[in-house]
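Protein chains in written order, with UniProt numbering: chain X, 1 to 387; chain W, 1 to 1001.
Each hint can be trusted.
With a straight-line Cα cutoff of 35 Å, these simulated DSBU-like cross-link-like pairs (lysine-lysine) come out:
(1) W:K285 / W:K157
(2) W:K878 / X:K163
(3) W:K828 / X:K248
(4) X:K189 / W:K695
(5) W:K901 / W:K617
(6) X:K248 / W:K830
(7) X:K163 / W:K695
(8) W:K878 / W:K695
(9) X:K168 / W:K822
(10) X:K189 / W:K830
(11) X:K168 / W:K557
(12) W:K828 / X:K163
(13) X:K168 / W:K830
(14) X:K21 / W:K822
(15) W:K281 / W:K321
(16) W:K695 / X:K168
(17) X:K168 / W:K878
If you want the ones that stay clear, here's a sample from chain X, every Cβ over 12 Å from chain W, calculated:
(18) I52
(19) K79
(20) S82
(21) H156
(22) K248
Incomplete in silico selection of chain W near chain X, CB under 8 Å:
(23) E697
(24) K762
(25) V823
Since the hints were made in silico from the structure, they are not lab data. Note that the structure is a prediction, hence the values are computed from the model and not measured. Every residue gets a Cβ at the ideal spot worked out from N, C-alpha and C, and that includes glycine.
So the chains spell out like this:
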Amino acid sequence: MNKNHRVPSNRTLGAVEVKSKFGAEFRRFSLDRFKPGRFDEFYRLLQHMHRIPNVDLLVGYADVHGDLLPINNDDNYRKAISVADPVLRLFLQRKEEADYSAFGLDSLTRPKKTVLAAMLLRPDANRKKPPVIISLPRDFRPVSSIIDVDILPETHRRVRLYKHGQEKPLGFYIRDGSSVRVTPQGLEKVPGIFISRMVPGGLAEGTGLLAVNDEVLEVNGIEVQAKSLDQVTDMMIANSHNLIVTVKPANQRNNIVRSGGGGAASRSSGHSSDSGTSFYGYSSPGTAVATTPAHIIQNFHPEELESDEDDEDLVVEVDGEAVPIPRASSASCTIPFIPRYVPHLDLRTTNEALASRNNAGSLGTLSTADRSLEGRSLEEDGTVITL
Amino acid sequence: MKRFRRHGQESQRERIKQELYGFNKTVEHGFPHQPSALGFSPSLQLLAIGTRSGAIKLYGGPGVEFMGLHDENAAVTQVHFLPHQVELVTLLDDNSLHMWTLRAHHGVSELLEIGRFTLTGPPGAPPSVTCVTAVLAHSSGDLLLLGTEGGHVFVVKVPGFRELEERNISLEKVTNSVPEEYGGRRILEHVESLQENPVNQRQVLIGYGRGLMVIWDLDSQSAIKHIPATQQLESVWWTEDGGHVLSSHSDGSYCRWKVAGDDPQSEQEKSEVPYGHFPCKAISKIIQLPTEQGPPFLFLSGGMPRASYGDRHCISVIHSKTHVALDFTSRIIDFFVIRDGPGHTGEPSALVVLVEEELVVIDLQTEGWPVIQTPYLVPLHCSAITCSHHVSAIPLKLWERVLSAGALQNTHYSKKPWPMTGGQNLAPDPPQRDLLLTGHEDGTVRFWDASGVCLYPMYKLSTAGVFLTDSDPNDNLNQGTEGEWPPFRKVGCFDPYSDDPRLGIQKIHLCKYSGYLTVAGTAGQILVLELNDEAAEQTVEATVADLLQGQEGFRWKGHTRLEVREEPVTFPPGFQPFALVQCQPPAVVTALTLHSEWKLVTFGTSHGFGLYDYQQKNNVLVRCTLNPSDQLAMEGPLSRVKSIKKSLRQSFRRIRRSRVSLRKHHVNNAAKLQQANARLEAELAEMELAPVQRKIEPRSPDDSFTGLVRTLYFADTFLSDSSHNTPSLWAGTNGGSVFAYQLRLPPVECRGEDPVTAHPAKEIQLMHRAPVVGILVLDGHGSPLPEPLEVAHDLARSPDMQGSHSLLVISEEQFKVFTLPKVSAKMKLKLTAIDGSRVRRVGVAWFGSNRTDDYGESGLTVLTNQGDLHVVSLPGVKLQVQYPCIRREDVSGIASCVFTKHGQGFYLISPSEFERFSLSARCVVEPRSLVEVPSQTPSATLPRALPDGASVERRYTHCFYKSSARRVMEHALLNDESEYLRNNQTTLTELNLNQLQHLCE
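Here chain X stands alone, though its shape is the one from the complex (with noise of 0.2 Å):
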């Protein structure tokens, strides 16, 4: 053990707090924070701490989103320093025995369980899939994915849309229209909800996986058939932080055309496959392995649908502490709570708004002991609400 674990975390000591997980097994050490050295010795060090000198490692850490991102060259090395805020968590898997499908959004995060409600999108969500992988997400995240490849018709594109409680808009339109099925009777024509028209620099435009004239079929698992444009505009609103939209796109010629059973190649990135990168600056593309997709075509995790982590509630007790609202443990999911450091990108956003609001409308019956406890939480910076 290192001494200096038990040193408190603190910015201007220029420390940072490491706690590394092998197994069962923690390490707790720091880091200095503006001399982190290179990667390689990092690895070195991790592989020391660990005791375990030879065994292939593969690195991840918890970001600020609780998301697990690898560390595996100098600059998410570097990236994964300057974001811990105050502790650097790090995940340590043998790389034989890695699960690279732990990688990406919500992954330490996300409840294990098997929810029911997802039976709607996948009936055979039991039947355990060596998952597909094309390569390591570096540290961008995704902003959009093809999901469920091979449970859909291949004229059908499933694509998940993240908003990551960013501030960029999803920026779509849908309409009504009329679309053509095939039924017992023959061809018939039904109404049908299309997109409209993209929004340009908006997030759907981006992944390039959605386009003007597209068929909406599904949101979230639920058909559109027979709701009218102002019910799956309120839908799509409704599940606006984790969208998923199964779709019969237009240009039929981008397809994804199944291999055999299992492994699906991707061949519908294309022209869309640096959008990730250039939305987030930080990516180094230098050190970016050559193919690089920027969406990661998996399957759609069943209990996602249920996931609430976009979804998360500010409290504001008049203690001034301000939490986002954990899950009560009478709740349905029975899985221990994993708590996360900050629950939204936009919640500072809001928390100055409401700061600012409780400041201007001063309440004509508050106590001046009551006003200096507010202002007493407004300097307190322990979590991202700054009350």
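Following the hints, put chain W in place on chain X, whose structure we already have.
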């Protein structure tokens, strides 16, 4: 979860659901929208109203009502009951005739359409030949005479609608029988009126549009007499003794013709223009009825001097020396007179007038001809309804006090009972007393007895007296001065004109135990009222609540605050205001709640919310919820609406300017016009190209009106620690925020002096930011907390304070249950994410099982923006049932919906009608009434010449059906032999089918 539940449990739950929930639209309360026809059956004592939308409604004694709807979406133009039958015929403006009957089924009558018919003329005839303009239901009960636009009269056998071609009275037959000298063979025009001779049912008078009237003998198929009127005919009345005919004309005159005697041409006895000298409008209908001793009653509709009173809607009643022109506020549709006596042939007792917006009944036997209060068909919209509030299970004491306060307001009504007595009301007495309160645009609140089928007006409260307005409250009551001609008398209560829109009532809350009422209005005024049985003179103190709290950058462009009368005002017995809060800025009040136990009122607008202590008459708390970036809320609702005066002035200027510019720039115009046209075309093309589309964008914190307070709630719960419950106030906003305040109330003994305080305790920001439409605290058992004073009055179980409470926040998109006192999410139902619908209205209701009396569940009744009704279980927030109820396009219907505490609800189907619905299987209020075939008078049962046997048979089976149905019922009641009943019913239905087949032939 579904998967793990055993099948048995599932079906068990389904069974319980069936016992708890059931959807029915039960009654339409109020006055039918756009009535277009009126009919009356003296023998059944039923009146029928047809509407422009094709509905037909029958009303008898209070509680007896039936409704039918024509499949065609065409207006009903005429309604005629077949004399001494339970059938009636309707004529639609698509020229189709429909036969309806009241058929007993399980001891309750139902209104059924049993046949339809359209006249077919000879081949090649123009459509006008068969276009029906006049209908006579012959007193024999099986003949229908149809006068047409082409001037023919067709004779049709009913109820089967079979044309009796040989008996038709063609125009040729009539013209041939009229002497040449009559106007030189003028065109007779359409048949305007058909009247039967009251003393000789063989004689029928045919009145043609041009004025000629012919008395036709149905037996000899020839004209007996003709009446050579020369003015355009409007209506005809055959006096009861059969000796005279009255005709009314388009020039405002009426004539009396003597028809007794053998002279083929009648003489004019009298011609009069009642409002004469200057040109008059037509008299559209004339009725004369005799009295036992003394002169007859004469009723005329219309006939007013065209220039001076042409816009009045009048019916003149002339009896002896009394002459009154009843002046209605809306157009007269039709009227009839009810007569006394066993055969309904005695003295005229009441005049029933259907005008476009209400039904007015005038007592003709009481001095001064007062109006009789109607038990149904009351115009809910006498001033536009702006909000409604329902209170279930009113304590008897409050009920009686409200009734007595109302009785003092209704002294000008006649004491006579409702003259219409048809049918028997078999509906069980309502289990409880329910009040529906409607707020109106003119600042009144009306109290309705909503316990049963009849929505009966109980009491009217006016809040306008508290304020200084331009209007004089006595303005509308100015009666005609002595000696005025015509002798107008205003009748009816429909008065849609509001002098000051700021007076409009927006929110109402009544505490049924204490009799405290709070109402809030358009200009941010909140009145607290108390029920007082004595009149009182008092000044209402106003307290201003500054909701902005120093928020900067605000500019209110809306209306100003109402000015309060500073001198004492006399308030009549009833609810009397004693406290007034005025919000600043004076925006419309969007949420209001009263807690009578704590003596607190809380109110919210688009700017914030406040808490007012009505015992000490001061503000306890004011909180601004305004988002500084929300420009719309900052400027006020009326910023975009110019005053009428201003816009009128501007448009005049624009006209003037355009005239000037036209003259000036005559030369240049062609080029400019072309340019403008091109631009317009391009715009149009663009509009056509761009379809209706919706942007997919999550709500942002900067959206408009995020600070608007949607809901306010008082609860005694565990706000800060789990061992001590405290009073608390909860507020939810449009932006998905919930604010909770802990309240400290001084002990009762010093409640009058020590201040009430409020301390902020919690704030919740829903991440999905949807407007919070409801907040509810559930006790340890998961049931909603009772209302204030409910427990004190032993009317509710006291809440469970042992188990932990939970908080239910209902947003437009989700139902979320949180734990208390530490707020953490427990359960939720994401309605919008799975269904695409949003919560518009929500209520808490108790659903009792219809199988056992002791089982029941609490639930949320929910109306969505799709017009669907849901029941959501408590505390599990699971969707239970869903029923489509309102068209989703009917925005005002959805917005007007109000739920009761027992699973019923009301919504406006038109400005004047509430539809009542029930979601509960146990609690259903619907009309159940029986109308029996009138016992036939000897004259009507005289053997009739029936031309063909088939029809005799049909008539017979029909009678058999009815009589046997009654016999069966009696039998079943006596012996309870259900088997017998069932057997008979099958035979009866078979009979029925046969009959229908006959009818269709």
